[in-house]
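2 protein chains.
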Amino acid sequence: MNKYKVAVVGATGVVGRTILKVLEEKNLPVSEYCLFASKNSAGNKLKFNNKEYIVQELTENSFDSGFDFAIFSAGGDIAKKFAPIAVERGCVVVDNSSAFRMDKDVPLVVPEVNKDELKNHKGIIANPNCSTIQAVLVLAPLNEAYKIKRIVYSTYQAVSGAGKKGILDLENGIKQYYSNTDGNNEYELQKFPYPIFNNCLPHIDVFLENGYTKEEEKMINETRKILGRSKLPITATAVRVPVFNCHGESINIEFNDIYEINDAIEVLKSAPGVVIKDDLENIEYPLPTEVSGQNDVYVGRIRRDFSLKSGLNLWVVGDNIRKGAATNAVQIVEELMKM
Amino acid sequence: MNKYKVAVVGATGVVGRTILKVLEEKNLPVSEYCLFASKNSAGNKLKFNNKEYIVQELTENSFDSGFDFAIFSAGGDIAKKFAPIAVERGCVVVDNSSAFRMDKDVPLVVPEVNKDELKNHKGIIANPNCSTIQAVLVLAPLNEAYKIKRIVYSTYQAVSGAGKKGILDLENGIKQYYSNTDGNNEYELQKFPYPIFNNCLPHIDVFLENGYTKEEEKMINETRKILGRSKLPITATAVRVPVFNCHGESINIEFNDIYEINDAIEVLKSAPGVVIKDDLENIEYPLPTEVSGQNDVYVGRIRRDFSLKSGLNLWVVGDNIRKGAATNAVQIVEELMKM
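So the sequences go chain by chain: W and P.
Once you know that position 156 of the first sequence is 211 in our numbering, the rest is easy, because the numbers rise by one and skip nothing.
Once you know that position 170 of the second sequence is 225 in our numbering, the rest is easy, because the numbers rise by one and skip nothing.
These are calculated hints, taken from the structure and not from any lab test.
This structure is a prediction, so every number in the text was calculated from the model and none was measured.
One or more hints might be untrue.
Which copy is meant is left open, because identical chains are indistinguishable; a pair holds if it fits in one copy or across any two.
To be verified - DSSO-like, lysine-lysine: derived pairs with alpha carbons at most 30 Å apart: (1) Lys159 - Lys364; (2) Lys269 - Lys324; (3) Lys269 - Lys204; (4) Lys202 - Lys286; (5) Lys230 - Lys219.
Using the sequences and the hints, build the whole thing.
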């Protein structure tokens with residue numbers, strides 16, 4: 056069996072640390088790992104696979120020593136600068152940022168849905184947006200069965216998706232609420248334009264000319280690319296909620312074909328990476344607190360939309376840091392190792 | 056000018072106390088107020104209009120002394136038992152519960168939308184569900200202008216809608232998170248089946264046979280009744296979020312008629328009870344923390360839904376205890392006093 060040399064770029068971030076956890080759990084055939092981060096984080100020590108790793112500064116020479124795979128989770132600017140360098144040195148890059156996702160030469164892959172796309176890569180594979188990954192796991196088999204006609208997304212997104220500073224904003228808000236007696240205990244926001252504690256912010260990523268956020272546009276475009284339906288009508292409203300981890304999604308689907316609700320449930324039951332939690336008698340449905348730490352995506356509240364000839368409503372919850380980022384990226388590397 | 060005698064039933068609850076605040080602010084032509092509650096709360100003292108009121112126990116004889124109006128906010132069972140008694144004694148009842156809302160003899164009124172319905176009352180007027188009130192304020196003028204073809208609701212609902220025990224569940228969750236060091240600091244849930252802190256519960260009110268919750272069904276049926284569109288296609292997903300006060304709603308609308316986005320904004324600008332907060336350049340949109348305490352409903356993220364020939368997406372936030380309950384009920388009484 057081949058043994059590979061793997062780089063993790065952005066190893067100290069929220070997603071980077073979870074990538075290390077998932078790599079530990081998967082135990083891939085790897086001979087050597089190297090952990091990279093920015094200058095600020097270089098020198099940090101991370102425990103990984105029962106060894107202490109010293110995080111190295113990412114430089115233009117980082118890939119000279121010959122890596123087989125690199126998982127980037129360091130934002131779009133770093134990816135744009137360093138992924139091509141890595142590829143030039145013979146390394147295959149799985150990138151978590153949005154930098155290459157809509158590039159027609161770059162496969163955008165959720166292995167359970169479209170791992171065949173990996174065959175066409177030219178050195179870079181893009182990991183989709185977290186909200187998109189958990190949605191398409193559920194949508195792809197339904198699209199296969201009944202051909203989707205239109206999708207309406209409304210999201211309930213956790214602060215972990217905004218990194219450490221997003222988590223800090225929620226933690227500081229909780230502390231202020233709990234300890235505040237005189238109302239003068241203001242804290243400085245690190246990430247969001249408004250307090251996320253006790254609030255819902257209909258604003259994720261930047262606003263675009265057309266009134267949508269980049270997050271909403273990503274969900275629309277990436278869903279189309281992954282489902283291979285470039286003109287599929289989709290709309291989205293993305294909202295940040297005061298939850299630490301796991302995105303929730305209210306998904307409304309219109310189908311071309313007529314369906315039976317029990318058949319749709321069977322379709323979802325056999326969907327890889329998807330767990331059904333939908334037992335109303337026992338008050339069971341997917342919850343962020345329960346899905347946190349899971350690699351699978353959970354679906355519940357599965358019910359016909361009576362406002363359409365052939366419509367379906369779903370409530371989908373996924374760990375945005377695991378399956379929405381780290382787990383999916385590691386799965387892509389795992390698939391590439393098998394090829 | 057006539058002076059009226061007014062009863063407030065359920066005066067000690069979350070909505071009841073806010074009804075007293077709104078009545079203070081409105082200064083209606085009232086000669087006498089009486090505050091009623093259950094046996095448990097009777098004897099409590101409430102400060103109201105700079106006077107101390109002793110809360111009286113609600114009994115079958117409570118309405119014998121001749122009231123002109125009663126605002127009930129004490130749940131469906133109390134309303135079903137006592138509202139007919141009050142009406143028999145010549146009192147007009149505005150009821151906040153769902154007990155009479157879908158009764159064809161009972162007007163379901165949001166004054167800015169359909170106050171003419173008040174002319175047809177037979178003693179009882181129903182105050183709509185909180186989520187419905189804030190939605191129809193925005194939907195009614197758009198329906199008038201472009202005829203709505205279909206609505207998809209996804210809600211982000213605050214714990215105050217579940218009363219004191221709902222608020223307590225969120226407070227206890229915050230306290231536990233803040234103070235917990237050993238993980239053994241469990242608190243007992245008062246209202247929700249799962250912790251609402253750090254969570255989203257796709258479950259408001261009870262589950263029905265068809266897989267929907269009663270809250271979702273209320274939104275569908277009450278929207279139809281208030282808009283006078285008994286067969287309007289509507290679907291809904293109602294979710295509880297960890298926010299103390301103010302419901303958010305992602306509303307997706309399909310119109311029959313073609314529209315221009317600037318015209319739709321003008322329609323909303325002239326909608327009574329509605330405030331537009333939608334300035335993306337200055338990062339302004341409706342937020343629960345900012346709308347809390349307001350009587351108006353706020354709308355933002357107004358943008359065309361490009362997945363339809365004529366579609367629109369909105370983000371609507373309303374204070375579910377004020378306009379969603381107390382303010383609307385008091386406005387109904389105010390309108391009745393003018394008739």
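Each hint, compared with the structure:
{"no.": "1", "hint": "Lys159 - Lys364", "result": "between (35 Å within a copy, 28 Å between copies)"}
{"no.": "2", "hint": "Lys269 - Lys324", "result": "between (32 Å within a copy, 27 Å between copies)"}
{"no.": "3", "hint": "Lys269 - Lys204", "result": "both (23 Å within a copy, 28 Å between copies)"}
{"no.": "4", "hint": "Lys202 - Lys286", "result": "both (13 Å within a copy, 27 Å between copies)"}
{"no.": "5", "hint": "Lys230 - Lys219", "result": "both (16 Å within a copy, 22 Å between copies)"}
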